[in-house]
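Keeping the supplied structure of chain S fixed, place chain R upon it in accordance with the hints.
These protein sequence lines map, in sequence, to chains S and R.
For what it's worth, the working numbering labels the leading residue of the first sequence as 509, then goes sequentially.
For what it's worth, the working numbering labels the leading residue of the second sequence as 509, then goes sequentially.
The hints are simulated quantities; they were obtained by calculation from the structure and are not laboratory data.
Any given hint could be a false lead.
It does not matter which identical chain is meant; a pair holds if it fits inside one copy or across any two.
[Claimed, not checked] Quick list of in silico lysine to any residue cross-link-like pairs, SDA-like style, CA-CA up to 20 Å:
1) Lys687 x Asn855
2) Lys879 x Gly869
3) Lys879 x Glu654
4) Lys879 x Trp658
5) Lys746 x Arg758
6) Lys647 x Lys879
7) Lys687 x Tyr831
8) Lys687 x Val859
9) Lys879 x Ile868
10) Lys879 x Ser856
11) Lys879 x Ser691
12) Lys687 x Gly851
13) Lys575 x Gly562
In this text the structure is predicted, and so the values were computed from the model without any measurement.
Protein chains: 2
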Amino acid sequence: MNNARSQFSAADESFMRRALGLADRAKGATFPNPAVGAVVVDAAGRVVGEGATGVCGGPHAERRALKQAGGAAAGATMYVTLEPCSHFGRTPPCVDAVIEAGVGAVVAAVKDPNPLVNGKGLRRLRARGVAVRTGLLGKEAALVNEDFFWAVANRRPWVALKLAMTLDGRIADCGGGSKWITSAASRQIVQDIRRRHGAIGVGSGTLAADDPKLTARCGRKTYYPARIVFSSTGNIPKGSYFMTHTDEARSIVVVKNNNKSKRKKGIERRGVEYWYTGASDDAESIDTFLDMAYAEGINSILIEGGQRLASAFLENGFVNKLYLFYGGRIFGDGLNGLSFSRGLTVNSPLVLGDVSYQRIGDDLLATGYIKNLTF
Amino acid sequence: MNNARSQFSAADESFMRRALGLADRAKGATFPNPAVGAVVVDAAGRVVGEGATGVCGGPHAERRALKQAGGAAAGATMYVTLEPCSHFGRTPPCVDAVIEAGVGAVVAAVKDPNPLVNGKGLRRLRARGVAVRTGLLGKEAALVNEDFFWAVANRRPWVALKLAMTLDGRIADCGGGSKWITSAASRQIVQDIRRRHGAIGVGSGTLAADDPKLTARCGRKTYYPARIVFSSTGNIPKGSYFMTHTDEARSIVVVKNNNKSKRKKGIERRGVEYWYTGASDDAESIDTFLDMAYAEGINSILIEGGQRLASAFLENGFVNKLYLFYGGRIFGDGLNGLSFSRGLTVNSPLVLGDVSYQRIGDDLLATGYIKNLTF
Numbered sequence: 509m510n511n512a513r514s515q516f517s518a519a520d521e522s523f524m525r526r527a528l529g530l531a532d533r534a535k536g537a538t539f540p541n542p543a544v545g546a547v548v549v550d551a552a553g554r555v556v557g558e559g560a561t562g563v564c565g566g567p568h569a570e571r572r573a574l575k576q577a578g579g580a581a582a583g584a585t586m587y588v589t590l591e592p593c594s595h596f597g598r599t600p601p602c603v604d605a606v607i608e609a610g611v612g613a614v615v616a617a618v619k620d621p622n623p624l625v626n627g628k629g630l631r632r633l634r635a636r637g638v639a640v641r642t643g644l645l646g647k648e649a650a651l652v653n654e655d656f657f658w659a660v661a662n663r664r665p666w667v668a669l670k671l672a673m674t675l676d677g678r679i680a681d682c683g684g685g686s687k688w689i690t691s692a693a694s695r696q697i698v699q700d701i702r703r704r705h706g707a708i709g710v711g712s713g714t715l716a717a718d719d720p721k722l723t724a725r726c727g728r729k730t731y732y733p734a735r736i737v738f739s740s741t742g743n744i745p746k747g748s749y750f751m752t753h754t755d756e757a758r759s760i761v762v763v764k765n766n767n768k769s770k771r772k773k774g775i776e777r778r779g780v781e782y783w784y785t786g787a788s789d790d791a792e793s794i795d796t797f798l799d800m801a802y803a804e805g806i807n808s809i810l811i812e813g814g815q816r817l818a819s820a821f822l823e824n825g826f827v828n829k830l831y832l833f834y835g836g837r838i839f840g841d842g843l844n845g846l847s848f849s850r851g852l853t854v855n856s857p858l859v860l861g862d863v864s865y866q867r868i869g870d871d872l873l874a875t876g877y878i879k880n881l882t883f
Numbered sequence: 509m510n511n512a513r514s515q516f517s518a519a520d521e522s523f524m525r526r527a528l529g530l531a532d533r534a535k536g537a538t539f540p541n542p543a544v545g546a547v548v549v550d551a552a553g554r555v556v557g558e559g560a561t562g563v564c565g566g567p568h569a570e571r572r573a574l575k576q577a578g579g580a581a582a583g584a585t586m587y588v589t590l591e592p593c594s595h596f597g598r599t600p601p602c603v604d605a606v607i608e609a610g611v612g613a614v615v616a617a618v619k620d621p622n623p624l625v626n627g628k629g630l631r632r633l634r635a636r637g638v639a640v641r642t643g644l645l646g647k648e649a650a651l652v653n654e655d656f657f658w659a660v661a662n663r664r665p666w667v668a669l670k671l672a673m674t675l676d677g678r679i680a681d682c683g684g685g686s687k688w689i690t691s692a693a694s695r696q697i698v699q700d701i702r703r704r705h706g707a708i709g710v711g712s713g714t715l716a717a718d719d720p721k722l723t724a725r726c727g728r729k730t731y732y733p734a735r736i737v738f739s740s741t742g743n744i745p746k747g748s749y750f751m752t753h754t755d756e757a758r759s760i761v762v763v764k765n766n767n768k769s770k771r772k773k774g775i776e777r778r779g780v781e782y783w784y785t786g787a788s789d790d791a792e793s794i795d796t797f798l799d800m801a802y803a804e805g806i807n808s809i810l811i812e813g814g815q816r817l818a819s820a821f822l823e824n825g826f827v828n829k830l831y832l833f834y835g836g837r838i839f840g841d842g843l844n845g846l847s848f849s850r851g852l853t854v855n856s857p858l859v860l861g862d863v864s865y866q867r868i869g870d871d872l873l874a875t876g877y878i879k880n881l882t883f
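Okay, chain S solo, but in the shape it has when bound (with noise of 0.2 Å):
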């Protein structure tokens, strides 16, 4: 086994962080494909090239470093994020390119998940004569790629929960009003978090209520992450940013519904596309609709509320992580952030797995994922 952490040197480290942010800044632009970082390193340890994924059937992060790279990427060593690819998708093999420019090692952080890949591609470098090196810096990139990963494995989409609450849980104060529960900070790192996941789900009375713009503004460069509105009727007030803003970004309607001949998708009246998930229960319509995502190439879903949409998701198991913003405020009544229909015990919570946090000014993120989902 080649995944050692000790063969790897400083300078070794370096490389990779350096693709980890190029991989990280990445992040959010390349749905449905992983974001991955390349940099290319020559005999002297310079720089030649580097180059992460871009849009959708644009070429990966390798083509684009070795593009840059040239020919002096013979002989060179390239540290990639993810194992490269081996099969033909929307563009051609990446280690058949890797090959023909000569480079001489290959340091990828981790191996790819996709059954079509999963040390294919590292095989073929070996067996071309190029030096393969990999577990580098390999749960960094793991950590990039969580929601990529888990999704393709599971073939669902990977949900993030985001709620911004008031020290005792609320999201609301008693009139409705939330605006503002957290800081001007709190609110910029959502845009970032918004940003990293290939759509954005509110429910139908928190677009009535905020008519929020579901986009992530992230200094000069705006995101537009698929916009999923989860409705009883499908009714969406008209003047709505949502409704009026069709063409910033796939604008998608989900349907709560009980008749199983309704169940489809893909019906578009003036941009916006209709999902009918034919079932009225909570659980069974998300579950529904967790597949129509995915089998419509949307792998992380990032749910924002209200109450009723956060409750439903992680009460029922649909939850992957959490991010829990709280204000450093008490309001004493107002709305809860979650509300299940069947509240757990103190002896089988919900209990959140890696859970870290993190101050922001005054207030707080903490940030888990879901444990036992055999609640």
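Just chain R now, kept in the frame of chain S:
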């Protein structure tokens, strides 16, 4: 002014930190006196004596340190976390002992805000030729006795509120289950927070449901703050720990009632004091209770719930400091930690000041002060 930090050396700071450590460890055993630490250092930089405030009526920190130092105190420097007292209280003035011992210099972290002292002690030392410097680690020293200083200035007990919640703000599940929401490590920190308070208060519902000991079990040592139960009827379960262990700690039942003539305290039955506030309104009753408590030498109270008591104290502006523990779990329903009778709005919430967040394993402790008491 002698309070510029720059006049102090690293050695000065180190000795004062040692004195602060002594004060901090003494906290909880000195009520109703502040917790003070004193370290005596000779000309060669050796610690020749140290001490902390003992139980009420016993010698103060300065006298203990001087006794340990003996003849070595002559010409030495004393580091003390609070200005030495200059008045006769339960013990004779410490400044006299300092002068008699021939101490050459005193470094005091802060002046004593007690109007009976407030600079008089330091002036008397200077008048007798003792070199005096103040302001070293003053903020840290003020923090150790923040409750005491506030109580003396306001002639009311300092009130802290502790809640242990899920990440969705619940203190119990739908069945009332709350053991346990937070980890053993968090609960040990609660014991240490209890130790630092002169009294622990709970509602009668919490007492009936949990039958808490209300002691502070810190390592091998157990502390016994006064126990206060808030009740509308005065009826406390006869077999409860509270009713059967009145020999351990001062045990008080605060009875809310609307008979003004019944406002009285000190009625003792079987070791339990019954305090009648003569007010049926929550705010009025707590207000009266706090006056009674201060007059009875209770400088600080830690309120531990339940929801109704916590909300009444917080909503009506009686809380100084919050300790909010979050377990890394979610119930999705159950009892909210807080439920005000008049919920606040997003435009005028209760904002915490000096918020700090401390990770405890997968749990989180948020502490903060009440910033706006004007809502």
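Evaluation of the provided hints:
Within a single copy, lysine 687 and asparagine 855 get their C-alpha atoms only as close as 35 Å, which misses the 20 Å cut-off; across copies the closest is 8 Å, which meets it. With identical chains, the CA atoms of lysine 879 and glycine 869 are at most 20 Å apart between copies only, with a shortest distance of 16 Å across copies and 28 Å within one. Within a single copy, lysine 879 and glutamate 654 get their C-alpha atoms as close as 15 Å, which meets the 20 Å cut-off; across copies the closest is 41 Å, which misses it. For the identical chains of this complex, lysine 879 and tryptophan 658 are intra-copy neighbours only, at 15 Å inside a copy versus 44 Å across copies, given an alpha-carbon limit of 20 Å.
In this assembly of identical chains, lysine 746 and arginine 758 lie within 20 Å of each other by CA distance solely inside one copy; the values are 17 Å within and 67 Å between copies. Taking the closest pair of Cα atoms, lysine 647 and lysine 879 come within 20 Å of each other only inside a single copy of the chain (18 Å); across copies the shortest separation is 42 Å, beyond that limit. Taking CA atoms no more than 20 Å apart as the test, lysine 687 paired with tyrosine 831 passes inside one copy only; the shortest distance there is 18 Å, against 26 Å between copies. With identical chains, the CA atoms of lysine 687 and valine 859 are at most 20 Å apart between copies only, with a shortest distance of 15 Å across copies and 29 Å within one.
Proximity of lysine 879 and isoleucine 868 under a CA criterion of 20 Å is satisfied inter-copy only: 19 Å between copies versus 25 Å inside one chain copy. Taking the closest pair of Cα atoms, lysine 879 and serine 856 come within 20 Å of each other only inside a single copy of the chain (12 Å); across copies the shortest separation is 37 Å, beyond that limit. Taking the shortest Cα distances, lysine 879 and serine 691 sit within 20 Å of each other only across copies (17 Å), while inside one copy they are farther apart (29 Å). Taking the closest pair of Cα atoms, lysine 687 and glycine 851 come within 20 Å of each other only across two copies (16 Å); inside a single copy the shortest separation is 28 Å, beyond that limit.
With identical chains, the CA atoms of lysine 575 and glycine 562 are at most 20 Å apart within one copy only, with a shortest distance of 14 Å there and 76 Å across copies.
In the structure shown, no violation is registered for any of the earlier numbered hints.
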